[in-house]
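J.: From first to last, the protein sequence lines stand for chains D and V. Note that the first sequence ends on residue 323 in my numbering; no numbers are left out. Note that the second sequence ends on residue 225 in my numbering; no numbers are left out.
I should point out that these hints are in silico values taken from the structure, not numbers from a laboratory. Cβ coordinates follow ideal geometry from the N, Cα and C atoms, glycine included. Do not take every clue at face value.
[As the list claims (entries may be wrong)] Okay, derived cross-link-like pairs now, DSBU-like style, lysine-lysine, Cα gap no bigger than 35 Å in a straight line:
#1 K320/D x K111/D
#2 K240/D x K186/V
#3 K214/D x K186/V
#4 K158/V x K320/D
#5 K158/V x K214/D
#6 K183/V x K214/D
#7 K183/V x K54/V
[Said to hold, decoys possible] So the derived list for chain D, only partly shown, Cβ under 10 Å to chain V, looks like this:
#8 S169
#9 K243
#10 I244
#11 A246
#12 Y248
#13 L266
#14 Q267
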Amino acid sequence: MYRSWWKILAVILVIYSTVAGFLMPVPRLAILNETIRNLYFHVPMWFAMIVLFSISVWYSVRFLSTGAESDDVRAVESANAGIVFGLLGLITGALWAGYTWGEFWSFDPKQNFAAIAVLLYFAYFVLRNAIDEEQKRGKISAIYNIFAFPMMVVLLFVLPRLQDSLHPGNGGNPGFNSYDLDSRMRAVFYPACLGWILVGYWVYSLRFRLRILENKNIH
Amino acid sequence: MQLATQVKELVRKEMILEWRSKYAINGILLYVVSTVFVCFLSFVSIPDKITWNALFWIIMLFGSINGVSRSFLQESRGQQLYSYFLTSPAAILLSKMIYNVALMMFLTLVALGFYTLVFHYVPGDLLMFLVAVLLGSLSFSTIFTMVSAIASKAGNGGMLMAILSFPVIVPVLIMLIKLAKNAIDGLDRAVSMDEVSILVVINVLAVSVSLLLFPYLYRD
Numbered sequence: 105m106y107r108s109w110w111k112i113l114a115v116i117l118v119i120y121s122t123v124a125g126f127l128m129p130v131p132r133l134a135i136l137n138e139t140i141r142n143l144y145f146h147v148p149m150w151f152a153m154i155v156l157f158s159i160s161v162w163y164s165v166r167f168l169s170t171g172a173e174s175d176d177v178r179a180v181e182s183a184n185a186g187i188v189f190g191l192l193g194l195i196t197g198a199l200w201a202g203y204t205w206g207e208f209w210s211f212d213p214k215q216n217f218a219a220i221a222v223l224l225y226f227a228y229f230v231l232r233n234a235i236d237e238e239q240k241r242g243k244i245s246a247i248y249n250i251f252a253f254p255m256m257v258v259l260l261f262v263l264p265r266l267q268d269s270l271h272p273g274n275g276g277n278p279g280f281n282s283y284d285l286d287s288r289m290r291a292v293f294y295p296a297c298l299g300w301i302l303v304g305y306w307v308y309s310l311r312f313r314l315r316i317l318e319n320k321n322i323h
Numbered sequence: 006m007q008l009a010t011q012v013k014e015l016v017r018k019e020m021i022l023e024w025r026s027k028y029a030i031n032g033i034l035l036y037v038v039s040t041v042f043v044c045f046l047s048f049v050s051i052p053d054k055i056t057w058n059a060l061f062w063i064i065m066l067f068g069s070i071n072g073v074s075r076s077f078l079q080e081s082r083g084q085q086l087y088s089y090f091l092t093s094p095a096a097i098l099l100s101k102m103i104y105n106v107a108l109m110m111f112l113t114l115v116a117l118g119f120y121t122l123v124f125h126y127v128p129g130d131l132l133m134f135l136v137a138v139l140l141g142s143l144s145f146s147t148i149f150t151m152v153s154a155i156a157s158k159a160g161n162g163g164m165l166m167a168i169l170s171f172p173v174i175v176p177v178l179i180m181l182i183k184l185a186k187n188a189i190d191g192l193d194r195a196v197s198m199d200e201v202s203i204l205v206v207i208n209v210l211a212v213s214v215s216l217l218l219f220p221y222l223y224r225d
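Using the sequences and the hints given, assemble the complete structure.
T.: This is the structure we're talking about:
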């Protein structure tokens with residue numbers, strides 16, 4: 105029980121944020137209207153993705169110094185889980201954009217950069233598949249992972265700040281800035297973020313344990 | 006101090022090797038010239054300055070991928086082992102980067118000259134455009150050098166090189182195209198300072214991360 109408390113917490117938080125996200129009152133903003141509820145589902149995906157990719161880089165760094173197989177498996181499985189959240193973030197965003205901006209993909213800077221960041225991790229998986237030898241694969245892909253991470257940070261956090269985006273809160277669009285993200289929304293938004301991050305971590309730890317068991321059977 | 010002499014000697018070695026075969030210089034020059042010529046034949050003239058800019062950067066991108074990817078892919082395993090035995094990994098990486106930066110800057114300037122000649126167009130703020138071009142060849146060289154080191158270790162070079170480098174280079178390319186467009190429109194130089202500083206930061210980041218990581222990469 106003492107080890108599964110955070111899993112229970114994750115389930116409770118995600119259920120709470122889903123139910124409350126649809127039922128709780130939200131502020132009326134022009135253009136956004138009821139679609140503002142997508143904040144509770146779309147944004148937490150990116151937070152979960154960033155956390156998982158950070159875990160991946162952390163274990164890549166550790167793998168370079170220890171060379172332990174488990175560190176490599178941790179790095180690749182957290183990247184695997186992270187990319188699922190990245191794709192979910194793109195999909196929830198595109199669905200929302202389809203109703204709010206009129207098109208599922210309107211080549212908004214944030215959409216493009218997020219897609220490229222996802223591509224970066226697909227390249228990482230292609231690189232892994234290109235190498236057969238295990239130790240070598242772990243080392244080279246860890247190096248690419250660490251090399252690519254700062255570029256992803258630039259893509260996701262620096263470049264979008266320099267351009268106008270259709271996203272709420274950018275370029276004069278009404279958004280979830282500090283003054284309109286009122287306390288009612290915060291009460292759902294923060295638990296949603298925490299809940300999805302925990303779910304992401306759970307998915308990653310399950311995948312990691314499964315891979316370790318599989319590897320044991322092979323050896 | 007030892008690092009500096011090692012780097013100097015290695016850069017000299019690269020240059021002598023290049024001078025003997027003149028493979029990279031002639032190859033990339035021919036590539037760029039023929040691509041520009043093909044573009045000229047298909048476009049005849051480019052009235053739209055945005056197309057002019059985009060075309061130039063696409064040609065430069067592929068030219069530098071071809072040019073820089075050779076730096077590690079071309080060396081045989083024995084050659085690599087020999088130089089790793091004699092010098093420090095940082096010196097090898099730095100010398101390749103410096104050599105590639107010099108090579109790419111030279112080739113890009115020649116390419117720009119030919120490009121402006123063929124399409125009869127000179128950007129409004131030529132000095133700023135030159136800054137963009139030089140920053141471009143600098144960032145292409147630093148980033149592609151490291152990626153080519155990774156790709157060469159992974160075995161099958163060319164294909165992997167393209168896959169690994171495109172997502173990494175996109176932020177740089179976006180900044181470069183914006184900077185170059187500002188220069189073409191002849192905007193005030195203060196407007197472009199954001200892009201210039203971000204490009205410098207990306208380069209510093211790329212070089213320092215590569216220097217940290219390369220020692221792990223070269224050990225087999």
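J.: It remains to establish, for every hint, whether it holds in the given structure.
T.: Against the structure, the hints:
no.	hint	verdict
1	K320/D x K111/D	26 Å, holds
2	K240/D x K186/V	43 Å, violated
3	K214/D x K186/V	21 Å, holds
4	K158/V x K320/D	28 Å, holds
5	K158/V x K214/D	33 Å, holds
6	K183/V x K214/D	16 Å, holds
7	K183/V x K54/V	12 Å, holds
8	S169	9 Å, holds
9	K243	6 Å, holds
10	I244	5 Å, holds
11	A246	8 Å, holds
12	Y248	5 Å, holds
13	L266	6 Å, holds
14	Q267	9 Å, holds
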